[in-house]
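Participant: The chain contents come next:
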Amino acid sequence: MRSLLRTPQVRDPALFRDISLVCAAGGVVGVSFGAISVAGGLPVWVPVVMSLVVYAGAAQFSAVGILLAGGGPFAAAATGLLLNTRNAAFSLAVADLLGPGRAARFVGAHLVTDETVAFALAQSDPVRRRVAFWVSGLGMFAVWNVCVLAGALAGTALGDTATYGLDAAFPAVLAALVLPALRESPPVRRAALLGAAIALATTPVTPTGVPVLLALAGLVVWRASPEGKGAADGRVS
Amino acid sequence: MLALAVGTYALRLTGPALHGRVEIPVRVRELLAGAAVVLLVALLATGALTAGGGSAGWARPVGVLVGGVLAWRRAPFAVVVLGAAATTAGLRAMGVG
Chain A
27 MRSLLRTPQV RDPALFRDIS LVCAAGGVVG VSFGAISVAG GLPVWVPVVM
77 SLVVYAGAAQ FSAVGILLAG GGPFAAAATG LLLNTRNAAF SLAVADLLGP
127 GRAARFVGAH LVTDETVAFA LAQSDPVRRR VAFWVSGLGM FAVWNVCVLA
177 GALAGTALGD TATYGLDAAF PAVLAALVLP ALRESPPVRR AALLGAAIAL
227 ATTPVTPTGV PVLLALAGLV VWRASPEGKG AADGRVS
Chain B
2 MLALAVGTYA LRLTGPALHG RVEIPVRVRE LLAGAAVVLL VALLATGALT
52 AGGGSAGWAR PVGVLVGGVL AWRRAPFAVV VLGAAATTAG LRAMGVG
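Residue numbers (my numbering), protein chains in the order written: chain A, 27 to 263; chain B, 2 to 98.
Careful, some of the hints might be misleading.
What the hints assert, rightly or not - Covered stretches of chain A (in silico footprint by chain B; criterion: 3 or more residues with CB under 8 Å from a CB of chain B, positions within the stretch not fixed):
| id | region |
| --- | --- |
| 1 | 64-76 |
| 2 | 92-103 |
| 3 | 109-123 |
| 4 | 139-146 |
| 5 | 200-210 |
By construction, these hints were calculated from the structure, which means they are not laboratory data. Please read these numbers as outputs of a predicted model, since none were measured by experiment. Even glycine gets a Cβ: it sits at the ideal position worked out from N, Cα and C.
Could you put together the complete structure from these sequences and hints?
Facilitator: Following this line, the structure appears as structure tokens:
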């Protein structure tokens, strides 16, 4: 793993700057997660341990939201799991990037998040994909957990993070990361547009987490590229 | 919390666990990469436009739109992220929900 990060071919300051920025934005969200949990009445260890072992921002927020609203642990776990179902599909998409070793695969699996997958898939070749996955994965994990701890200890001092517009930053991050794939491949673009429309249409009438999964139905308009290339040679198209 | 942690990890392990045991055809691998993009775009759309099953108001979608346009014009990543956040923060400061 360490040797991977030192792969000499990949000295891409722009990539590392982008990753740092997403880590920083994630850090602020982590602080607010810690602060919201503790302000709502949970003991400090709950958000901190949850961040280490669950490590999935949206699922953690929804689980804590349900706990604080008195929804009970079962509903909290079920909603979080439903939200994280997409990680199964993501882990399949990045499986060949994790490396051959057992340890790398077990550690890498825990680092599968929306951001790390998007960063990896936005790269043009397998080596860069692997580096992007590991650097963003380890960076996000470290920053997220340190910031959740800081937020939990600081309590409510930060105030309402919506003031800073961070809720708009994350969809924008995803937009920047998926645009190359959308530009390059009309079939994926059609499938993604249909999927997004399905997700939006079903949001008001389905539980949290379900709309994004229903978006996969958009793949009905997807066709493999005729020459059978694309994902196989390390591209998203 | 334990159930959520174990379940989440199991979901994430799906890919690495299957990898190397099952020979995945090229077509399927292309489909999986396409599926990941579809999921990310759906996350982006629902994250931009909805909050808690309802509308997210105006400030957030406009901020995301500004970020999206900047990304489309190939603006640097930092400009995209800060542009989106600053637009939304600015709109909220002016009283737009």
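Participant: None of the hints should be skipped; say for each whether it holds.
Facilitator: Each hint, compared with the structure:
| no. | hint | result |
| --- | --- | --- |
| 1 | 64-76 | holds (count 3) |
| 2 | 92-103 | holds (count 3) |
| 3 | 109-123 | holds (count 13) |
| 4 | 139-146 | holds (count 3) |
| 5 | 200-210 | holds (count 8) |
The structure fails none of the hints (numbered hints given earlier).
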